[in-house]
Amino acid sequence: MNDDYLWDKTGEPDPQVQELEEILGTLRYQRKPLQIPNELRVPQRRNYFPWLAIAAGVLLAILAGGIWLSTRSRGDAPQRQAEVLSPAPVKEVTPSVPKTPERKNESPEEMVAVHKHRPRSSTPVLSKQEHEEALMAKEQVMLALRLTTEKLSLVHKKTQNAYPANQIKNQHRVG
Amino acid sequence: MKSSFKTPLITLLLIISTAFVAKAQDTRIQMTSLDHLAAKATETVDVNVDERLMKLAARLFSDKDEDERQIKKLVEGLKGIYVKSFQFENEGQYIPADLEPIRAQLRGAGWTRLVNVTSKKEGNVEVYLQFAGEMVNGLAVLHTDDKELTVVNIVGPVDLDKLAQLEGQMGIPDLGIESPKAKKKTNEQ
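Those protein sequence lines, which keep their order, are chains A and B. When the count follows this note's numbering, it moves up by one through the first sequence with no breaks and lands on 175 for the last residue. When the count follows this note's numbering, it moves up by one through the second sequence with no breaks and lands on 1189 for the last residue.
Please keep in mind that the hints were generated in silico from the structure rather than gathered at the bench. Just so you know, even glycine gets a beta-carbon here, dropped at the ideal spot from N, CA and C. Accuracy of the hints is not assured; some may be wrong.
With a straight-line cut-off of 20 Å between C-alpha atoms, the simulated SDA-like cross-links for lysine to any residue are [said to hold, decoys possible]:
1. 1162/B / 154/A
2. 1147/B / 1066/B
3. 1121/B / 1148/B
4. 1121/B / 154/A
5. 157/A / 1117/B
6. 1079/B / 136/A
7. 1121/B / 159/A
8. 158/A / 1113/B
9. 1055/B / 1157/B
10. 1162/B / 1092/B
11. 1073/B / 139/A
12. 1079/B / 154/A
13. 1120/B / 153/A
14. 157/A / 1044/B
15. 1120/B / 67/A
16. 1072/B / 143/A
17. 1040/B / 1113/B
18. 128/A / 1053/B
19. 1147/B / 1051/B
20. 128/A / 1088/B
21. 1079/B / 1052/B
22. 1079/B / 1068/B
23. 157/A / 1122/B
24. 1073/B / 1050/B
25. 1073/B / 147/A
26. 1073/B / 1136/B
27. 158/A / 1050/B
28. 1072/B / 1051/B
29. 1040/B / 1118/B
30. 1079/B / 67/A
31. 157/A / 1116/B
32. 1079/B / 1053/B
33. 1072/B / 130/A
34. 1064/B / 157/A
35. 1121/B / 1145/B
Just a sample of chain B residues kept apart from chain A, beta carbon distances all over 10 Å, derived [as the list claims (entries may be wrong)]:
36. 1044
37. 1051
38. 1108
39. 1136
Please construct the entire structure, taking both the sequences and the accompanying hints into account.
Shown next as structure tokens:
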């Protein structure tokens, strides 16, 4: 018997094979579109990333704000380390003065510490733009102070008129 | 789930922003509600000096000159000076409602009205102070006249003694105010 029919449907068909084909043919793959039932809920993956990013941003902003406020509240420090440690021409020891053993053993850090006490201006120099800005601000401050004191002067004048200083002295006790 | 996460985040943001705004504003009075009067005024003075500018300006006051040194002392601690002053040609160019936003701010946030002077000739002057404990932390002056409207706001620790010491210096009018120390000295003499 030739088995070609089983492999490529050529040759003489076997009736048993044909019968099986008919029975199993009902279960053959049939092409049709996928139908998802409406009641089926697909679980969504929660995406926390944007919220985490916002929270991180807020925290960073708070941190930056805190640092900014603390540095501002400190104001102008009387001496800045950066200025103190800036390289300056160092000629403390004259050649005629004999070096003491302690002096010889000084480390570079100690040398810097010595120069810390050198008097230097603590306020940095204003740039041209800053100077102009400061001048304008000064004028505005003066104008504002002038106006303020003018108004306070008016109040003072009026209150003095209403309650003269010697009013109490001139009062006489009744009874 | 999403909304339950959203609500606390928004609340947190609101709290933070409110805290920042409160910290930044402190005793500063918002005067933008008066800006529209500039169009009607014949003369406008608008001073806006914040803390940064105040520090810059303070550096220009000389330590050698006695007058300037006193002003510097006064100015150094301040966080801002804000003035809006309008001079009008005719009466009725502004209405009391224009001042209402300013007054509303002065009614709250720890402001105390120290003096209220009413004069037919020179208008109405109100002086407000804000205290932080025993220290004066802010000053506001409101002057309303038929043809003038002035609002002054000084933010920060205002030393009234030092302000009194500025009398008659660098164009600042003589207030005739005697500081308590000066009074003591004159009494001793």
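**Pair hint residue 1040/B and residue 1113/B, alpha-carbon separation not exceeding 20 Å** = Violated, at roughly 29 Å.
**Prompt:** Going straight from one Cα to the other, do residue 1121/B and residue 154/A come out at no more than 20 Å?
**Reply:** Holds. Residue 1121/B to residue 154/A sits at ~11 Å (cutoff 20 Å).
**Item:** 20 Å Cα cutoff - pair residue 1064/B, residue 157/A
**Value:** Status violated; Cα separation ~32 Å.
**Request:** With 10 Å as the threshold, tell me whether residue 1051/B passes as away from chain A on beta-carbon distances.
**Result:** violated, 8 Å
**Asked** Taking only the CA atoms, is the gap from residue 158/A to residue 1050/B under or equal to 20 Å?
**Response** Distance ~31 Å between residue 158/A and residue 1050/B Cα, so the pair is violated.
**Prompt:** For the pair supplied as a hint, residue 1120/B and residue 153/A, is the alpha-carbon distance within the 20 Å limit?
**Reply:** holds, 17 Å
**Asked** Are residue 128/A and residue 1088/B close enough, with their CA atoms no more than 20 Å apart?
**Response** violated, 37 Å
**Restraint status (C-alpha distance of residue 1072/B to residue 143/A at most 20 Å)** = Distance ~14 Å between residue 1072/B and residue 143/A Cα, so the pair holds.
**Item:** Pair hint residue 128/A and residue 1053/B, alpha-carbon separation not exceeding 20 Å
**Value:** holds, 15 Å
**Asked** Do the alpha carbons of residue 1079/B and residue 154/A lie within 20 Å of each other, as the hint requires?
**Response** Distance ~25 Å between residue 1079/B and residue 154/A Cα, so the pair is violated.
**Restraint check for residue 1072/B with residue 130/A, where alpha carbons must lie at most 20 Å apart** = Satisfied, since the Cα-Cα distance of roughly 18 Å is no more than 20 Å.
**Message:** Next pair to validate is residue 1121/B with residue 1145/B; report whether the Cα-Cα distance is within 20 Å.
**Reply:** Within the cut-off at roughly 9 Å; holds.
Hint violations for this structure: numbers 2, 10, 12, 14, 15, 17, 19, 20, 27, 29, 34 and 37, all remaining hints satisfied.
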